[in-house]
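Peer 1: So you can see what is in the structure, the chains are spelled out below.
Number of protein chains: 6
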Amino acid sequence: MHGPSMVDITGKPVSYREAAARGRIRLRAETIKRIREGKIEKGDPIYAARIAGIMAAKSTSSIIPLCHPIPLTNVEVDVRVSGPDTVEVESTVKTRAQTGVEMEALVATAIALLTIWDMTKQYEKDEEGQYPFTAIEDIIVVRKVKAGQR
Amino acid sequence: MHGPSMVDITGKPVSYREAAARGRIRLRAETIKRIREGKIEKGDPIYAARIAGIMAAKSTSSIIPLCHPIPLTNVEVDVRVSGPDTVEVESTVKTRAQTGVEMEALVATAIALLTIWDMTKQYEKDEEGQYPFTAIEDIIVVRKVKAGQR
Amino acid sequence: MHGPSMVDITGKPVSYREAAARGRIRLRAETIKRIREGKIEKGDPIYAARIAGIMAAKSTSSIIPLCHPIPLTNVEVDVRVSGPDTVEVESTVKTRAQTGVEMEALVATAIALLTIWDMTKQYEKDEEGQYPFTAIEDIIVVRKVKAGQR
Amino acid sequence: MHGPSMVDITGKPVSYREAAARGRIRLRAETIKRIREGKIEKGDPIYAARIAGIMAAKSTSSIIPLCHPIPLTNVEVDVRVSGPDTVEVESTVKTRAQTGVEMEALVATAIALLTIWDMTKQYEKDEEGQYPFTAIEDIIVVRKVKAGQR
Amino acid sequence: MHGPSMVDITGKPVSYREAAARGRIRLRAETIKRIREGKIEKGDPIYAARIAGIMAAKSTSSIIPLCHPIPLTNVEVDVRVSGPDTVEVESTVKTRAQTGVEMEALVATAIALLTIWDMTKQYEKDEEGQYPFTAIEDIIVVRKVKAGQR
Amino acid sequence: MHGPSMVDITGKPVSYREAAARGRIRLRAETIKRIREGKIEKGDPIYAARIAGIMAAKSTSSIIPLCHPIPLTNVEVDVRVSGPDTVEVESTVKTRAQTGVEMEALVATAIALLTIWDMTKQYEKDEEGQYPFTAIEDIIVVRKVKAGQR
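In order, the protein sequence lines correspond to chains R, G, P, C, S and L. So for the first sequence, this note's numbering puts the first residue at 39; every next one is plus one. So for the second sequence, this note's numbering puts the first residue at 39; every next one is plus one. So for the third sequence, this note's numbering puts the first residue at 39; every next one is plus one. So for the fourth sequence, this note's numbering puts the first residue at 39; every next one is plus one. So for the fifth sequence, this note's numbering puts the first residue at 39; every next one is plus one. So for the sixth sequence, this note's numbering puts the first residue at 39; every next one is plus one.
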């Protein structure tokens, strides 16, 4: 087995790149109710997750060992309650670069979901301090776009 | 809704803390075969994921907005092929501190799984550059321990 | 002139430490009105500033060259509209450590104020793209506490 | 209120961009005298502030939540004693990019001023450890330039 | 003496840039034997050094005060046992940018060598915890290339 | 081969720890003369190297994959012209912790030496842009101390 080694993108053309990744976190119904009612003591987890996701997308190349540093032109992290016990995150990343940005979208999504966990953890733990309900599920890439070569 | 605000741990005693988090990534069977045979061009994803997970655990407080900085005394990230189309990650974090380390274990696990994705992505994409199979699933906290107050 | 050199705190006792720093930013009255009415397009600047301030406090030792790394036990960043053209920030940082945390409180305050600037800048610029009104003013340490040596 | 969300600069043209930001710190006259005479024990604060400001400008996008990562082509941080109790900082940042660099200039200026504070704090504190004189004042953008679209 | 100040590269053309840097670390013969036999308890130091070198190259502008941030298109870190008591590292960095990348190649090489040290240190220390044999030697730039201006 | 895995220091006692590391860089005699005469255009390389070394020591655990995060109580980086074509760096790091700090001292030394390189590189390159003279040599640990268990 070779490597580890980055993919050499020196000779690749600059293209418009876009990627979207989605995932969700399962929480207790009463935690979801608290989110809806604005009763999370550490602060609004939706807003915190959006910021954390955006900041994480920008630091992808220092978190994932072989990712190239890319000057992103947009990161959107949409976070919303999507069911009685679920918060869903969908992150979209755009750039003009020599390589795709799906890892940036995935990192944004994963970190936004982990931030939801952190913001709500006092309501998720049982009396022994364990997390019998909480789980992050189905982080996937929903769309990759490459177009408009220069 | 208040905040965002960190939990004030100033008055909490220093205790032994341990947390373990687990998750898995679903890959194509042929990608798993490549991992087993040492034929991943970017390098061994198991090893890269372990390092990325350990490094991420150490930077948790700069990634998750309201996490306290904690001087960790151990981080273990176990990464292994666990089925014909699955790689599983389990991370264990230890410290003596005033607050728990489940977020550190979760961050290590999520980043290790994302590193597996990054290392294998050329085999996971279909001919249109999409990822119809790949998914990160069921990131959970499997154990939290608090003991030995000082 | 010597140095640069850090202060050697090896022999100093661990004490309870607290510091608070305050500052304000002057904005156009119409921008303040937008903040009050929730009409800032980039998102609520109060919330974003609080998160940015907390995260910055935690990274003080990597931003200010000679600051010691300190495991903070609490950071609070209070951000509020304090007049017809002013937003005020007050940050409080706590720890048990061998040195004070006023730099952490100052960094949190400065970065929270700069985040307010960034979130509102489209309303602050004149037609030539200049900022004739916007200014960050009077960043000071309002309180330093040291007590309870161990 | 929307967001938080970055401004989407994907479609904006690359232009020459320049921004300058200025601010000052008020110190005791005797501290200024020490700076002039090279008698600051932690080392020359002027030099340290310049380096800290340059380094901070480069990390703006990881400090300010919604700033885009921009490959800067120049950062200059001018730091000088400008009065009997004042040190003034003026930072100039240049790039060719799709968005302006005033936040980078402001971050450089604020961090340079905070570094002056940190380097001189032993002379600024009174006998109770408080800072009755020290203050950072009037951080403003003095100039923004946009030209030479490509 | 002026400065510190970055070199202003605003007006320089974008060119293809490549740089390679080399260095080596002297270890005990028995440590080298352990590396060859896969008996280093902390894990394969060759692989860890490669990853650490690649990641360090990407963060050069946050480690070396006056380096420009550059979006690298490739980093290769070759690490191999090169003699009975020596491990050699050679790092190659590529980009299309307005300035050279020899500092990135040097940082990658130095950090890869330091990672070898860290991974093997339990075998290098004598019974008093000192390092009578271990040394990093002859870090040099072996090649700088500039071509293909745009 | 196992790992990569950190050494588990959870059960180790907190001790006073000190480590010193030394290294040198060979430069052209005329560059050394420029340093002595204060004629380096990018600024005083001695001062810049000291700051860069101190800052790097503090970020060791994010640069070297398996290093533990340690709250350092002192870092000193001594940089001096030590011969007609040599600059020498010696870094000393102190803490009270469960593990040693030789990696922190080595990182400080290596980064200080690389900063000297960066600050002087315009005088070191030949007419083809190559570095026929410049070399970093003999980075070693000169002293490790462990005492005063708590």
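If you are wondering where the hints come from, they were derived from the structure by calculation, not from laboratory data. Honestly, I wouldn't trust all of these hints.
The list makes no distinction among identical chains, and a pair is therefore deemed to hold if it is satisfied within one copy or across any two copies.
Think about it this way: if two alpha-carbon atoms lie no more than 20 angstroms apart in a straight line, the pair counts; the simulated EDC-like pairs of lysine to aspartate or glutamate are [as the list claims (entries may be wrong)]: (1) Lys182 <-> Asp123; (2) Lys50 <-> Asp116; (3) Lys50 <-> Glu175; (4) Lys184 <-> Asp82; (5) Lys182 <-> Asp82; (6) Lys71 <-> Glu56; (7) Lys184 <-> Asp46; (8) Lys50 <-> Glu126; (9) Lys50 <-> Asp123; (10) Lys184 <-> Glu162.
Quick caveat, the model's predicted, so the values are computed rather than measured.
Peer 1: The structure should be examined with respect to each hint, and the outcome stated for every one.
Peer 2: Verification of the supplied hints:
1. Lys182 <-> Asp123: neither (29 angstroms within a copy, 23 angstroms between copies)
2. Lys50 <-> Asp116: neither (31 angstroms within a copy, 23 angstroms between copies)
3. Lys50 <-> Glu175: Intra 34 angstroms, inter 33 angstroms, cutoff 20 angstroms: neither.
4. Lys184 <-> Asp82: neither (35 angstroms within a copy, 28 angstroms between copies)
5. Lys182 <-> Asp82: neither (30 angstroms within a copy, 25 angstroms between copies)
6. Lys71 <-> Glu56: This pair counts as neither: shortest intra-copy Cα distance 34 angstroms, inter-copy 30 angstroms.
7. Lys184 <-> Asp46: Both: 18 angstroms inside a chain and 17 angstroms across chains, each within 20 angstroms.
8. Lys50 <-> Glu126: neither (34 angstroms within a copy, 31 angstroms between copies)
9. Lys50 <-> Asp123: Neither, since 44 angstroms and 31 angstroms both go past 20 angstroms.
10. Lys184 <-> Glu162: Classified as between; 17 angstroms across copies, 40 angstroms inside a copy.
Consistency note: the structure conflicts with the earlier hints numbered 1, 2, 3, 4, 5, 6, 8, 9.
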